[in-house]
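Colleague: Sequence:
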Amino acid sequence: LATGGTAAAAIELVEQGKGEVAGLAFLANLAFLGGAAKLGGRPAQFLVEYA
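Residue numbers (my numbering): 1 to 51.
Lysine to any residue pairs mimicking SDA-like chemistry, simulated, CA-CA at most 25 angstroms apart: (1) K38 to T6; (2) K38 to V48; (3) K18 to G5; (4) K38 to G5; (5) K18 to G41; (6) K38 to V14; (7) K18 to K38; (8) K38 to E49; (9) K38 to L27; (10) K38 to A10; (11) K38 to I11; (12) K18 to L39; (13) K18 to Q45; (14) K18 to A8; (15) K38 to A22.
Beta-carbon label-pair distances, calculated as ranges: (16) G5 to P43: 13 to 23 angstroms; (17) G17 to A51: 27 to 37 angstroms; (18) G23 to A51: 20 to 30 angstroms; (19) P43 to T6: 10 to 20 angstroms.
I should point out that these hints are in silico values taken from the structure, not numbers from a laboratory. For each residue, glycine too, the CB sits at the ideal point set by N, CA and C.
Please construct the entire structure, taking both the sequences and the accompanying hints into account.
Modeller: Right, here's the structure in full:
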């Protein structure tokens, strides 16, 4: 996860289709870019996190 734009767009598409995002999983989180803030508080898992 970098800036979160693509993840936020994917969440929006799922919700437009009346779906529900139960959680998200990413290989890495580049925490210094702040992308997790765009996930709307949804649970997310990261294999590696770079501060």
